[in-house]
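Protein chains: 4
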Amino acid sequence: MKYVFNETKKYDAIAVGRACIDLNAVEYNRPMEDTMTFSKYVGGSPANIAIGMSKLGLNVGFIGKIPDDQHGRFITNYMKNVGVDTSEMIVDTEGHKTGLAFTEIKSPEECSILMYRDQVADLYLQPDEINEAYLKETKALVISGTALAQSPSREAILKAVQLAHKHDVTIVFELDYRPYTWKSTEETAVYYRLVAEQANIVIGTRDEFDMLENQAGGENDATVAALFAHTPDLIVIKHGVEGSYAYAKSGEVFRGKAYMTKVLKTFGAGDSYASAFLYALLKGETIETALKFGSASASIVVSKHSSSEAMPTVAEIEHLIAAQV
Amino acid sequence: MKYVFNETKKYDAIAVGRACIDLNAVEYNRPMEDTMTFSKYVGGSPANIAIGMSKLGLNVGFIGKIPDDQHGRFITNYMKNVGVDTSEMIVDTEGHKTGLAFTEIKSPEECSILMYRDQVADLYLQPDEINEAYLKETKALVISGTALAQSPSREAILKAVQLAHKHDVTIVFELDYRPYTWKSTEETAVYYRLVAEQANIVIGTRDEFDMLENQAGGENDATVAALFAHTPDLIVIKHGVEGSYAYAKSGEVFRGKAYMTKVLKTFGAGDSYASAFLYALLKGETIETALKFGSASASIVVSKHSSSEAMPTVAEIEHLIAAQV
Amino acid sequence: MKYVFNETKKYDAIAVGRACIDLNAVEYNRPMEDTMTFSKYVGGSPANIAIGMSKLGLNVGFIGKIPDDQHGRFITNYMKNVGVDTSEMIVDTEGHKTGLAFTEIKSPEECSILMYRDQVADLYLQPDEINEAYLKETKALVISGTALAQSPSREAILKAVQLAHKHDVTIVFELDYRPYTWKSTEETAVYYRLVAEQANIVIGTRDEFDMLENQAGGENDATVAALFAHTPDLIVIKHGVEGSYAYAKSGEVFRGKAYMTKVLKTFGAGDSYASAFLYALLKGETIETALKFGSASASIVVSKHSSSEAMPTVAEIEHLIAAQV
Amino acid sequence: MKYVFNETKKYDAIAVGRACIDLNAVEYNRPMEDTMTFSKYVGGSPANIAIGMSKLGLNVGFIGKIPDDQHGRFITNYMKNVGVDTSEMIVDTEGHKTGLAFTEIKSPEECSILMYRDQVADLYLQPDEINEAYLKETKALVISGTALAQSPSREAILKAVQLAHKHDVTIVFELDYRPYTWKSTEETAVYYRLVAEQANIVIGTRDEFDMLENQAGGENDATVAALFAHTPDLIVIKHGVEGSYAYAKSGEVFRGKAYMTKVLKTFGAGDSYASAFLYALLKGETIETALKFGSASASIVVSKHSSSEAMPTVAEIEHLIAAQV
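Chains as they are written, first to last, in the UniProt record's numbering: chain G, 1 to 325; chain Y, 1 to 325; chain H, 1 to 325; chain V, 1 to 325.
Be aware that one or more of the hints could be misleading.
[Said to hold, decoys possible] Residues from chain H that keep clear of chain V, each with C-beta distances beyond 10 Å, as calculated: (1) I90; (2) Q126; (3) S151; (4) I321.
[What the hints assert, rightly or not] In silico DMTMM-like cross-links for lysine to aspartate or glutamate, where the CA-CA straight-line distance does not exceed 25 Å: (5) K80/Y to E110/Y; (6) K183/G to E88/Y; (7) K183/Y to D68/H.
[Stated by the list, open to error] To be clear about the criterion: a stretch of chain V counts as covered by chain G if any three or more of its residues have a C-beta under 8 Å from a C-beta of chain G, and this derived list gives those stretches: (8) 60-73; (9) 113-119.
Everything labelled a hint here was simulated from the structure, so no lab data went into it. Keep in mind it's a predicted model, so treat the numbers as computed, not measured. The beta-carbon is built from N, C-alpha and C at its ideal position, and this holds for glycine as well.
Just need the whole structure built from these sequences, with the hints factored in.
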């Protein structure tokens, strides 16, 4: 089974939301207190997904907001160099900073992130900064849940959803739940449900769908039934090492397995999954193949030091899939 | 043509949102600088609508938030005395105050309001303060647009919309646009469109529908076509003294005329219109009759000193309708 | 003993800080819930003191900030009409409102105030709005403690203190403690001590001096000893019906008795005390006489309905003093 | 001429204010966009001064606030390891982060800092977190101006000043002006003047004293005359490569020259100057010698990569002084 996009559009995908800086521990397998050097990478879920899709060969654009400083310019330069269209990267004029993520890798199982997200530029994207003429030229609009965490970014995303509907753009909602910035789980659930009901494709972990439902221990069947009563027609629920499930509104269910790898850290798994899954779907592959691409890409990224720089090529993904049939 | 509600519910209508204090000029036909005495009334669009419907004989409830002070207690007492169920009136514990509206009546044509709306209690209603068991027991849920102006009241309303859908409650969205509190017209348009698309009945002036569309000079035909692509099936657009139009999804259009009166001030016209229009609809009257009820009630209230206390009885409305056939 | 001012100045006194609106219960001796009408007066401690001094015949100016609305214009007009120079009344351009005080008079012993002080205009007076050329032309600068409660009004007052020192202007600090707006008693104590140490005359109730010392049950002797180590040379400590004490740095102590009256409410006692006490001092009367003037003026105001409008004339004060020798 | 401290105290000096993280470019002599690796150091003016004094052999304490995270723990550990008493390092419980300074070194003449100072932990030090029993046990209290930039840190410093006066602790005010965080130069001037007038020793660059005076192009003679009218009795004004001047209230003026060095970057010059100048003063050296120590220490630090780790030993300073007689 394949997923049908509006093929008349210029861009394969446009991602919207945060583009930040990751500062990854150069000396790892220890607490961050003992790390004295950090490497700089572009980070942030939608930026990573855009970079990943671009490296796989898709025609990708990005809508975001960055400060007028060295970190902001680094982000735009890096994304441009990997082929992402950054013409809609808005430069903040109010002194907001780029978000930062210092990563701590104590062991492959014990990873954590020290976030700087207070008043960061990406959360100040305004609804009137969403360029309708640009947005309507894409097959898919990729939204990450974190962009809903605060105004005015929240309204910019809600406006992008309204415009995507108007112009027959497929909305992909990557739940991407991060506890910081949100005021309460109640607030999160309201907006997650609101946008999920209006999206076409929804992707998240089981825990993230629980957040959407404001409950613990939800069942996939109930989750997809509730969402299929609205706009969504493809829902991907990830269960970590147990693999992932894709549910089609037609009733079909597909299962993807996880690929084995030597894990360095867990960061970047979700973003690499989404970029390769969407790549395959947009290239006209079946949902089964797309699930393989997502899982394989995730396996590759968790074995490497960064989330963005480590995004694999099609050849690397296909090689891993072939190796672990 | 009649509008069908779910008749198995306990309440005819529950209104949600602000309940405030009006301080009306005792000495009027002058600038407020020269008014030395003010009369106190309950005010705020959804509170006025609830009071109006209750005085007309409906079984009405209210969900709101008031401070733990003399103004808050006055509001609850007053609403209870006119028959509104106030069991879901939440008492604020964080020091927020009741909103205030000082009214200035220079002449029937020159009315203005001096608002106190900074950090008012009603805008602090939380999503987890929406009682699902209560809300599901009403035929109609009446939402006023001002409650969307700020978090967390905004999320409380979005949650109420989600619960109303879940429990087959008819959502009535009174646009009730007030410029204060909103950060931009862009922001207003995003939420007005969002909620209007999910409501069943939408009521507003032509100017308010322009706000929803973030444009000036909109046409009714385009407005109703856009909304009928979503949930709404009845849309009322008011054109002041030229009367109002009700559009049904089935394609029928009904026109209501304005009734002549000796105008004292313009405040309260919209709230009295909504309460009598909904009364008639809920009582099983035709849409044509409901339009007459709305217009007649508005005419009565603009000839009197207050918005809430002046809400008419059924007999008064019927008398005016009969007098101006 | 007399207090010496710099007699070369144009104004007897300039007060700085809040000028607000009092809304006094027309129907009283009941809870405010049952009051349906309110009378409007100018209020706010420094405005009341300025009005009181002006009605007694002093040449008085005022530095403050009011909104560009009907309440703001009423305040300026009223103060101008009683003779206060309002040329330095700054008009706010950022949408801040006038503070409001709804007064509840349940009985002479049970009075309370329902305050509206969120983001009020007077707390937005900026340090660069203090006109040095104006301020240097006064014998006495009257500061009320509430103006220190929040930035930028706090910095405006600190700047006024620095300018007063520079130009040999006597600083009168009326502690005027109000719990709202302040974040903590610790914060209050820091600024009260800071300004009291730099003032020449400090006036307050025993409770207010306890606030300055961030403790309960302080003793007058310790209080004045601590302050006399710095700039102050005259300290007035009020003990309610037990009367008040004036301490001079020279070591002399004067006691003023309270005058009997038929009390209507307690509001306005402190402001009327300060205005008449300062009037007498500025007119070259002895400290003993000034204490009598302060107490008599307070007695007159608590027997009347308002705080500002009720400010007495010299003849009324002298009549009461003569009647209760 | 020597400066006399109260020799009965346990600590030579306690510094109060910010302790942060510097992230210094590993690859430098280029724009930060091209720097891919950063080294982590403790930073922040008062932390650097405390570290510098401790490395020189003084008995030093620190009062500050750090987050409960890896950066916070690194700071405390580092300071403890170099001998600073960190028993009064308060752990923030409200989610505030450590301030960050990314340094860009394009050339020795073109250095800049990308600051993260929004809602940082050090600015949330509360006045009731100043431990009087601890503070009274020091000869000198070192205050940096940046701690005055925002509440509640501002009030904590004002309280520390009041307690220092009470307990005969010498107040050293390092102006340390940084434009971020302050709302206006007017606001800065109010607090700089306020604290400078209450300090005993004031140290700053000529530009910083201009900030205190809210003017450009001030003259040292006027500056010191104005401050000597209040508490200060020793004022150090730095003029960059032209050297620095120390003014004593007694009328004596001392000049210190700048030492030549191979400059790597300009960061850390002021902090190393202050630590060595105060070291010499506290050790009973003459003011002339203290000026040499300050200048020599600054020369050493600007030739190295960090501000804190680079703080020199007494032997290094004495060696440089001897080498450039």
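Checked hints:
no., hint, in the structure
1, I90, "14 Å, holds"
2, Q126, "7 Å, violated"
3, S151, "7 Å, violated"
4, I321, "40 Å, holds"
5, K80/Y to E110/Y, "33 Å, violated"
6, K183/G to E88/Y, "23 Å, holds"
7, K183/Y to D68/H, "20 Å, holds"
8, 60-73, "holds (count 4)"
9, 113-119, "holds (count 4)"
Of the numbered hints listed earlier, those contradicted by the structure are 2, 3, 5.
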